[in-house]
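S.K.: Join the two chains into one complex using the hints; note that each chain is given alone, in its own frame.
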Amino acid sequence: VLTQQLLNALVLGCMYALFALGLTLVFGVLDILNLAHASVYMSSAMLAVWMVRSLELPLAGAIPLAILAGGLIGVGINQIAFAPFLRRGLSGQAIHMPSMISSLAVALVLEGLNRGLFGIQVQRFPPDLFPDVIFAIGEAQISLLQLTVIVVTALLIATIGWMLQRTRLGRAIRAVAENPRAATRMGIPVQSIVVKTFFIASALGAVAGIFMGLTYNSVHVLMGTTVALKGFAVIILGGMGSLAGAVVASFILAVSEVLTVAYLSSHFRDMIAFGLLIVVLLLRPQGLFGRKVV
Amino acid sequence: VTLLTDFLYLYGSITNLILINCLLALSAYVNFSSGQFSVAAPGFMAIGAYTASLLTLNAQWPFVAVLAAAVLLAAVVALLFGLPILKLQGVYLAMATLGFVEVIQNLAINLQVTGGAMGLMAIPVKTQTWHLALTLALLVYLLWVMGQSKLGAGLRAIRQDWQLARVLGVNLHRYNLIAFVISAAMAGLAGGLAAHTNNAVVPGDFGFNLVIAVLSFCIVGGVDRLWGPLLGALLLSILPEVARPLQEYRLIFTGLLLLAVILFLRRGLAGLVEDSWRSLK
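Keeping their order, the protein sequence lines are chains E and B.
Quick note: the first sequence uses the numbering used here, first residue 1, plus one each step.
Quick note: the second sequence uses the numbering used here, first residue 1, plus one each step.
Chain B extracted, bound-state conformation (with noise of 0.2 Å):
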């Protein structure tokens, strides 16, 4: 029996993790879709995690107005932070970004309401693996329907040439403001749903290592395709738990992987599958 609780625990937790990877490579995508170079995923869901985990443990609200007011915060500072910050693109807007990431991460490890560099703990555990599957549905339709529509098909024209995009009317600004605040509302709502998935918020956790994670997931998938990222974060979360070596050489891993993607599959593995479905059929 104590075998069985701990393999259902174990794979509990592994489902949980891939699920959350999978909502912050979806997130990430919202922006790279666009071509806009955004790391900052990871500050938007620390911004989502702390306030979600504040609000339950000092305010006792109802877990949905919880992940609500996780969703509302990061959108905020997103729009705040956007506005002036997407006028940057490039080397420029990934600098800028990833130090947004390191300010927020900075803020929690020194601001006393949340609780250092230890943290907040003791936070109840509420979030089932169900509600994270489903949040993730729900994502992928929203994402599926918008990609159909007019704000999708302005994304894609200007990640594919935002000059011809601009002569052709899309108003580039606006678009990459919408698709830079969806993608922090996900990220804010990922880390409210991690947030009470164990019993924990360190601050260690939503740094550079995060923003590599992140990026990773969107490389290695591809990020032509909607479920290129989503292959990205389940290969890259299950790979290291399944064979111990790649968790001892993780770092080694992911880096030749990245590299081999970057350097010969330019659309990731995505591209690599669709490709081959193609010359089979």
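Here chain E stands alone, though its shape is the one from the complex (with noise of 0.2 Å):
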């Protein structure tokens, strides 16, 4: 039963590392924190699940479409909330705050145009959209679905990070996210990295929402809520703006709510994550990877 566990553990997980990179992606180029990333997650499994059942749509169309859509919701967003505060020539704490309000503007915005658009029923894929094949491990039991989930999760990790290390672009977001003045000095086309930036965090976001409600084949309009503070929790543990802590910290987070499911109780599984939070910032705030931050 240990071993069902940890493997529905590692899908959540999957679930949270492809949103919580998104989120430290965008912290660690900007050193803002974007509130209206989990919209960008709820959009996109709802534009999903609208594609598929109003457009009769296959999945395998449905889902890159939905994905870009995330990307353009992304790179909305910078426009919208961002853009305007680093054309002012704001940055560090001063853009904290008004970053942190005028996104999470946006994201209220967003779930009104969902609610509007899609209500706040809970959304469902038809049934039997995605072959129900199940393999067994040992004592343990993987759909099709999870070992997909699991699959696609590993790649993109893998892709980012080899995009990050070894590419143009990559090594041009990474002196974004070192010096953005030192980088337009360089000749690095700062705005356009930047919007490359957002549009890869948002279509990472967009493939976790997509997960989660193909996962439980439920999308609804308030489902980017909870994900959002876990993505904070995350980032926090891992290091603000630290990839591999993302990564590392969604795991740590999954394990231990679907250990404490299991073995204590179902009521404290939220908790965790938000007590892990404030544990991490009394004790260290820069987290397990982060640079030193106060």
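Simulated from the structure, these hints should not be mistaken for lab results.
There may be inaccurate statements among the hints.
One side only, chain B facing chain E, incomplete, derived with CB under 8 Å [stated by the list, open to error]:
| no. | residue |
| --- | --- |
| 1 | 60 |
| 2 | 63 |
| 3 | 88 |
| 4 | 91 |
| 5 | 100 |
| 6 | 219 |
Since this is a predicted model, take the numbers as computed values, not measurements.
Where a beta carbon is used, it is the ideal one built from N, C-alpha and C, also for glycine.
M.R.: Dropping the structure here:
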């Protein structure tokens, strides 16, 4: 039974990791916390269900389109909520509060739009959309969907890591993260790098939302709230801006949650993230992998 | 006659709501006025609300004693939590205080004594509208006096330039802690009063949505002036009640308003009003 629990935790951790990667990527590059990241996660899942149900697209068409839409929503969020402050040359502490509020404002608008367009009831994919194949690993079982989540997440994490370390775009992103002014002087088009970062980060959030919707076959306008708060806990635990930290922290959180539900009580599952968040901030605000922040 | 009582009932409950929102906005203002991005007010409000209701229901304490206990417990928790947590700034403080709100809400949902997800019911209604109005007036006066004092000057100095304030000998940590405790005490009081305005206390009332609401009051109104958050609370509580479409599209409306203010009006609506007044003169 423990193997099964750990397997479930692995799948949950994958989705947390994809979500948190986007959140921490934006923080690492721009030093801002994107409170609308969870709205991208929710909107993309809503769009995926809508495309499958109303447009009757196959899943293989709906998913890439929903991910693309998520990335574009992210770019829009940057243009509306963050670009104005960056253009004014704000940075560091001075940008924290206004950019959190502007992204929160965009999150409210996006939630309102989704409510208006799709309603507040739980949306579901049609049954048997994903081939219902179950594999047995010893005593544990894993579905094809869960396996897909794990494989795709591993591939995405590897791709992001490779992209940041080895490609021109990745080097430019890291240069902007290190020092935007120096990057500008080196001839790096900072604005366009920021837009690309937002697209990538938001597309990752979209994948997380679609996977979560498929795994539990439940998509709801409020699905972003819980994951947003957990995402904060994860990137704090991992160290703000640290990609490896975010991945490791995602699995730590997922395992703690699954084991709590299995052996203690499901009541306290959602408290783990927030308790963890506070404890880490008190004891080690730079997180497990982060640089010192205070 | 039915219509009239209906109207009074409705009118009275909206007035109570506005006054409670004003109390919360003031509570948050105390932190924002020193540049501390704390969103903990709903958590302390929950502590006050549950403390007060439980004492009323189980111990039958007099109303004033119940309120005093609500204030005291919120203040003590704020002292213990604020001592370590106020070393953080900016997004880190915002997230730690958001985590605090969520922990309190989850405790309320999961503990036996707080009645779980259903909350507490059959709480006697003891708060009159004039109690709320008087409390608000007193607190506005006290905060105004505080603004004129050394403490108020210190807090303003911290917000404008905390490094300079430190050089000038302002004890940052102590000042921020005092502000945090005062803010929590006010939220606790608001909670104790709110718990006795209708019959129930429900944990869902003290979560992320209230965090957003209180934040909106302060940002839309502006935190430069004491009356800014009051203006924000007043506007954002009344507008959805008088205009039906705004209620339906409340989220979009609040979001757009918040966005417009944060992008174009750095000092909020209060700043706008002040500037227009000055240019008229």
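S.K.: Taking the numbered hints from earlier one at a time, note which ones the structure violates and give those numbers from smallest to largest.
M.R.: 1, 2
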